[in-house]
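**Student:** Here is what each chain is made of, one letter per residue.
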Amino acid sequence: MNSPDALQALVRELHSASGGEKFGLDDERFQTILEAVAAKYLPAGSSTADVCAFYKTLRVEELALARACAAGDEAAWNAFLSRYREKLYDMALHIAKESSAARDLADSVYADLYGMSRRDGERVCKLASYAGRGSLEGWLRTVMAQEFVNRYRKQRRLVSLDEENEEGVQFAAVESERSLGIDPRLEAAVGAALTALAAEDRFVLASYFLDERTLAEIARTLGVHESTISRKMDKLAKSLRKQMVVEMVRRGMSRQQAKEALEVDVRELSVNIREHLAPAHVQENERQAFQEQEVKARTSEGPA
Amino acid sequence: MKPLPKIVQWQFQKALSVSALPHPDADQLTAFVELSLPRAERSAVLEHLSQCSECRQVAAFAEAPVSLPAVELRNIRSWRPVLAWSMVSACLLIVVAFVLSGRNQHKELAEAIQQQSPAAQNSRAASLPDSSEVGTSAKAGTGRSSNSKKTAEAVQHQVMAYDMRQPAPKTPQSGAMEKDKFTQPASPELMAETTSSPKQAGTPSRDDATTSANDMRESFAPSVPNTSVPTSNIDDRYPRWTLNSDGILLRSLDTGASWQKISIPGNAALLHSIATVGADVWVGGASGALYHSADEGGHWMQVNPATSGKLLSDDVISIEFATAQRGKFVTSKQEVWATADGGRTWSKK
Numbered sequence: 015m016n017s018p019d020a021l022q023a024l025v026r027e028l029h030s031a032s033g034g035e036k037f038g039l040d041d042e043r044f045q046t047i048l049e050a051v052a053a054k055y056l057p058a059g060s061s062t063a064d065v066c067a068f069y070k071t072l073r074v075e076e077l078a079l080a081r082a083c084a085a086g087d088e089a090a091w092n093a094f095l096s097r098y099r100e101k102l103y104d105m106a107l108h109i110a111k112e113s114s115a116a117r118d119l120a121d122s123v124y125a126d127l128y129g130m131s132r133r134d135g136e137r138v139c140k141l142a143s144y145a146g147r148g149s150l151e152g153w154l155r156t157v158m159a160q161e162f163v164n165r166y167r168k169q170r171r172l173v174s175l176d177e178e179n180e181e182g183v184q185f186a187a188v189e190s191e192r193s194l195g196i197d198p199r200l201e202a203a204v205g206a207a208l209t210a211l212a213a214e215d216r217f218v219l220a221s222y223f224l225d226e227r228t229l230a231e232i233a234r235t236l237g238v239h240e241s242t243i244s245r246k247m248d249k250l251a252k253s254l255r256k257q258m259v260v261e262m263v264r265r266g267m268s269r270q271q272a273k274e275a276l277e278v279d280v281r282e283l284s285v286n287i288r289e290h291l292a293p294a295h296v297q298e299n300e301r302q303a304f305q306e307q308e309v310k311a312r313t314s315e316g317p318a
Numbered sequence: 104m105k106p107l108p109k110i111v112q113w114q115f116q117k118a119l120s121v122s123a124l125p126h127p128d129a130d131q132l133t134a135f136v137e138l139s140l141p142r143a144e145r146s147a148v149l150e151h152l153s154q155c156s157e158c159r160q161v162a163a164f165a166e167a168p169v170s171l172p173a174v175e176l177r178n179i180r181s182w183r184p185v186l187a188w189s190m191v192s193a194c195l196l197i198v199v200a201f202v203l204s205g206r207n208q209h210k211e212l213a214e215a216i217q218q219q220s221p222a223a224q225n226s227r228a229a230s231l232p233d234s235s236e237v238g239t240s241a242k243a244g245t246g247r248s249s250n251s252k253k254t255a256e257a258v259q260h261q262v263m264a265y266d267m268r269q270p271a272p273k274t275p276q277s278g279a280m281e282k283d284k285f286t287q288p289a290s291p292e293l294m295a296e297t298t299s300s301p302k303q304a305g306t307p308s309r310d311d312a313t314t315s316a317n318d319m320r321e322s323f324a325p326s327v328p329n330t331s332v333p334t335s336n337i338d339d340r341y342p343r344w345t346l347n348s349d350g351i352l353l354r355s356l357d358t359g360a361s362w363q364k365i366s367i368p369g370n371a372a373l374l375h376s377i378a379t380v381g382a383d384v385w386v387g388g389a390s391g392a393l394y395h396s397a398d399e400g401g402h403w404m405q406v407n408p409a410t411s412g413k414l415l416s417d418d419v420i421s422i423e424f425a426t427a428q429r430g431k432f433v434t435s436k437q438e439v440w441a442t443a444d445g446g447r448t449w450s451k452k
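Quick mapping for you: the protein sequence lines, in order, are chains A and B.
Reading the first sequence from the start, the letters are residues 15 to 318 in my numbering.
Reading the second sequence from the start, the letters are residues 104 to 452 in my numbering.
Read the hints as simulated data drawn from the structure, not as lab findings.
Computed from a prediction, not measured in an experiment: that's the story for all the values here.
Each residue gets a CB set at the ideal place from its N, CA and C atoms; glycine is no exception.
Some clues are possibly wrong.
Reference listing, derived: stretches of chain A covered by chain B, where coverage requires no fewer than 3 residues with Cβ under 8 Å from a Cβ of chain B [to be verified]: (1) 39-47; (2) 135-149; (3) 153-159; (4) 226-240.
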């Protein structure tokens, strides 16, 4: 059943279902596209059964449309525009949250999709990279999100230092000199506890504590109920704390010391680190000034 | 939920800020967000996302916006007190109406009995069941209203028994007397209207004050594909329309006495639904067939509703028009298409 003939029959069936014929995408070219997609995502030497199963998961109708657009078929472009032209701006507005930025973002992505840029003299159409793993609409949203995040990163590199301070980049400074303020045993314990977590658990923790996403949003991303994520977070927070205490005790701390180490406020650490970061001659001057003040005070008090 | 120690969060940020793994491409991220990645690939993407804040941001943005029903919920909440008080008011009105009608009935009956001769009273009393049985039925009949009971106590015991048997048929145990009384038609015309042939059964006069309960049920029934029931064209100045079980359009110019087949030029589709507003007639059928006549069927025009560049292709199973301009139809895929300009433009809901 999973012979090459079956694979060939499946390709023909998928081609028929894709409606690629009306966009000038013939059987042979469609097969070439499928093979390229399979080569990209399947490990080398995959069995025919695996390839068949993989082909069946592809969004062939949208794949044919996107590839026909990339090939410059006018009918395909008309179909694409009638389906997604209005949605592109809505997607951009959802991501950028502001009208002019959204328009700018949508125009930029549209130019990429249309193939305005050229590489080695050839037109580069972004739609040629669509592989049909997810919906075309979802893919467009992802491409737009990538463009938005890239722009944000570029923009951040150009902001002034004052703006960086306002954004609270003190973490970056602390990070560079972290070893000066943190007990290495604590650092090792945290590292060990985090490494022991499953990828999904780390994703949940990072999304909640670092990205400040809500439990509902995380649950939606993982396709589970919000209460499941809430329980998981509760369990993770407890087990992490317990695990870290155990690790620190194992590294020679007393239980009380380990618990106190966990309550250290990062802001206090940043103050200590700034002290460490101060140039040596400044520290020396400060020390001398303090000693002079002390001598003066003793002199004015007189002998006992 | 107890928060993580700040030192852990800080360390966490440091540890998970840079990933050594290659970034997943847009296709993989899309499939991840749409929960359509195979398990092994999903784990790999999740591993990367747990370490790459930028990809997490992209994935978060790539999720389709959720149309939360928050506004609707607020609307429901804001209407809830109004609805609650409306229900209370309606209940009070029903109780008051019930009590008042009960009093009037008792008063009329008592007066009628007082006017009758003692002989007639005696003979009627003799024909009644014995007092204990009567008392039981009277009790059952007055269970719901203390006012009815007080009124009944004002007349003689046996007379009271007869008096209380009159409203009794309102209870399930009671029977034939009340049934006969309430099923008697008010007029021969109404009789003809409610029991005539199926052709006329669907075209009751809606402005008639004596509309029966069946008619009320019909008028509030959900809209379903109409195949044999004529449309509710209440104005006899206009023809009546219906579709027969073969999906053929029929028109009657003599208020339903006779019907003639109407063929729509160019239509080969089976018709499923019809709606009329005055001289305007809308007919829908298989494979997106939708026709409109503005002159009682004299001329027909095919309507091709389209939205977002997509033409209607599903069966039109139900049509409703409140005015000549504003109406909607439902397709076999349960899509609702609406127009507010007599069918020139359509929006899909």
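**Student:** Please go over all the hints and tell whether each is borne out by the structure.
**Tutor:** Here's how the hints hold up against the structure:
no. : hint    : result
1   : 39-47   : violated (count 0)
2   : 135-149 : holds (count 7)
3   : 153-159 : holds (count 6)
4   : 226-240 : holds (count 5)
Going through the hint list in order, the structure does not satisfy hint 1, though it satisfies all others.
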